[in-house]
Amino acid sequence: MSWSLLQQNRKEKALLLESEQKRLQLVLLELIEQNAGRITVLQLAKKAEISTQLAKQYLDEKAKELNANFEVNEEGNVLYHFS
29 MSWSLLQQNR KEKALLLESE QKRLQLVLLE LIEQNAGRIT VLQLAKKAEI
79 STQLAKQYLD EKAKELNANF EVNEEGNVLY HFS
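So the sequence shown is residues 29 to 111, counted in our numbering.
The set of hints was computed from the structure by calculation and includes no laboratory data. Just so it is clear, CB atoms sit at the ideal spot from N, CA and C, and this is done for glycine as well. Hints are not guaranteed to be accurate.
Keeping only pairs whose Cα atoms sit at most 16 Å apart, straight-line, the calculated EDC-like set for lysine to aspartate or glutamate is [to be verified]:
#1 74 <-> 58
#2 90 <-> 48
#3 75 <-> 61
#4 75 <-> 99
#5 41 <-> 61
#6 75 <-> 48
Simulated restraints, written as ranges between beta carbons of each label pair [to be verified]:
#7 75 <-> 41: 22 to 30 Å
#8 39 <-> 88: 22 to 30 Å
#9 95 <-> 31: 39 to 47 Å
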């Protein structure tokens, strides 16, 4: 019985992770559309209500996946350019 509960728990965690990934993708696409393809870590963190560390990790992954460009301003902030 405990084995089936463990499997069920794993399935539920996988579904939650998948749901969160979809939510982040929708937030990212909305921000890209609103900001002509330009987005910062802080914008994503604020809109998605996640940590800046997680937002940066997510944006770095998506930038690689989608061949986005980025620039770093004098303050050290990264601006991602998705097209």
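Outcome of the hint check:
1. 74 <-> 58: holds (13 Å)
2. 90 <-> 48: The hint holds at about 15 Å.
3. 75 <-> 61: Judged against 16 Å, a Cα distance of about 13 Å means the pair holds.
4. 75 <-> 99: With Cα atoms ~21 Å apart, residue 75 and residue 99 exceed 16 Å; violated.
5. 41 <-> 61: Since the Cα atoms of residue 41 and residue 61 sit roughly 30 Å apart, the hinted pair is violated (cutoff 16 Å).
6. 75 <-> 48: Given pair residue 75, residue 48 holds - Cα atoms ~14 Å apart, limit 16 Å.
7. 75 <-> 41: 22 to 30 Å: holds (24 Å)
8. 39 <-> 88: 22 to 30 Å: holds (29 Å)
9. 95 <-> 31: 39 to 47 Å: Holds - the Cβ-Cβ distance for residue 95 and residue 31, about 44 Å, lies within 39 to 47 Å.
Figure legend: structure checked against the earlier numbered hints; hints not met, in rising order: 4 and 5.
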